[in-house]
Amino acid sequence: MLMTPGIGQAYMENDPILIPLGHQTPTGNLLGLDPIRKLIGHYSQDFFLLLESERKIPFLTPGTAMSTIIERLNRDIPATNLLISNFFTHVHSQFPILEKEPFLQLLEKFLANDQIGEIGAAYVSQYKSSYRGNFTNGARLSYEPSIASLEGVNIELSRQLQAWFDSLPESIKPDLQNPTSRDLQDTQLRTRYYAAKHIISRPCLVFAAVSRQVHLSEYVKANCETCVESCRKLLHATVPLLGRRTHSTWLRLQALLAAVFVISMAKTTPSLASLVPDFDELIGMVIEMTEPWARHHEAADATLSIFKTIRQKLRLSVATLL
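Counting from 1, one number per residue, gives the positions in the sequence shown under the numbering used here.
Simulated from the structure, these hints should not be mistaken for lab results.
Values in this document were obtained by computation on a predicted structure and should not be read as measured data.
Heads up, a few of these hints could be off.
[Stated by the list, open to error] Capping the alpha-carbon separation at 30 Å, the derived lysine-lysine pairs in DSSO-like fashion look like this:
1) K100 to K308
2) K173 to K233
3) K313 to K38
4) K313 to K233
5) K173 to K100
6) K38 to K233
7) K308 to K233
8) K221 to K313
9) K221 to K308
10) K221 to K233
11) K221 to K38
Please put together the full structure from these sequences, using the hints given.
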């Protein structure tokens, strides 16, 4: 029988990691928390899924004939070739989901109208199943983790995160003591590290914000400090990534939203407010880096609106909230 290690006891190397029921990491789950609802109002936890579901993928809407797709691709071969070239030049190294030669061969068959039905159906079916599965699985579970049951998990996940970071070759490992990134890869590694670090410690901060206990245990308090500091560093590290168009812009915006929710909960929780003396500076920076994307993307515009609502609410009524 599988047993969970005792409170405060680290997992052995071969022990299973038993994630407690209700421990969820998607940003949408934070929309259902009372401290967040007091700031921005009631949003469905699958708000962004519903928003994105309204968007139509060019040429892949239901009922579009494959002959129409082929005609449009053939009509603008230079643009098609440029998109393919840009993908394999700028995106493939980070998301190697396609092999170039087989893909080009498949594209050639596609444009020649060879086995279009099978190929097209397979791609569209796979897209729909993966897209919906990623967002709906467990999205409506409540966020009520047991802090006691999470402590062993927290210790093990923190150990694994540090082991991953230590395993990076020295030539690419970020210098976390230096806030300035060397290059794009350095920045991406920093954001992944701090995003994971804040998620691991986030349940303690949520517990403190929801329960509003005046006296927190040293374990909870330490994790709250870790969570807020990780969010602060994540926000600063994300700035250069949102200064250019990349394949992960939407993921970065979701990470920003989660981080802003965390520092906002800390700011409106009496026992944690002192952890965010620079809240105005951080939220101002986030709004500035989000505005260019809001002009081109509805979900980014909704995210920006949430940021501005939080800033206005805290500026005008933080005393009442406390």
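Distance restraint between K221 and K38, which requires alpha-carbon spacing of 30 Å or less: Holds, because 23 Å separates the two Cα atoms, which is no more than 30 Å.
Pair hint K221 and K233, alpha-carbon separation not exceeding 30 Å: Roughly 19 Å between the alpha carbons, so the hint for K221 and K233 holds.
Restraint status (C-alpha distance of K308 to K233 at most 30 Å): Distance of about 21 Å is within 30 Å: holds.
Satisfaction of hint between K38 and K313, Cα-Cα up to 30 Å: holds, 9 Å
Pairwise hint evaluation, K308 against K221, where the allowed Cα distance is 30 Å at most: Holds, because 28 Å separates the two Cα atoms, which is no more than 30 Å.
Restraint check for K38 with K233, where alpha carbons must lie at most 30 Å apart: holds, 26 Å
Restraint check for K313 with K233, where alpha carbons must lie at most 30 Å apart: With Cα atoms ~24 Å apart, K313 and K233 stay inside 30 Å; holds.
Satisfaction of hint between K313 and K221, Cα-Cα up to 30 Å: The hint holds at about 26 Å.
Satisfaction of hint between K233 and K173, Cα-Cα up to 30 Å: Holds, at roughly 16 Å.
Given hint K308 paired with K100 - CA-CA distance at most 30 Å: With a Cα-Cα distance of about 43 Å, the restraint between K100 and K308 is violated, given a limit of 30 Å.
Restraint check for K173 with K100, where alpha carbons must lie at most 30 Å apart: With a Cα-Cα distance of about 29 Å, the restraint between K173 and K100 holds, given a limit of 30 Å.
Of the numbered hints listed earlier, the single one contradicted by the structure is hint 1.
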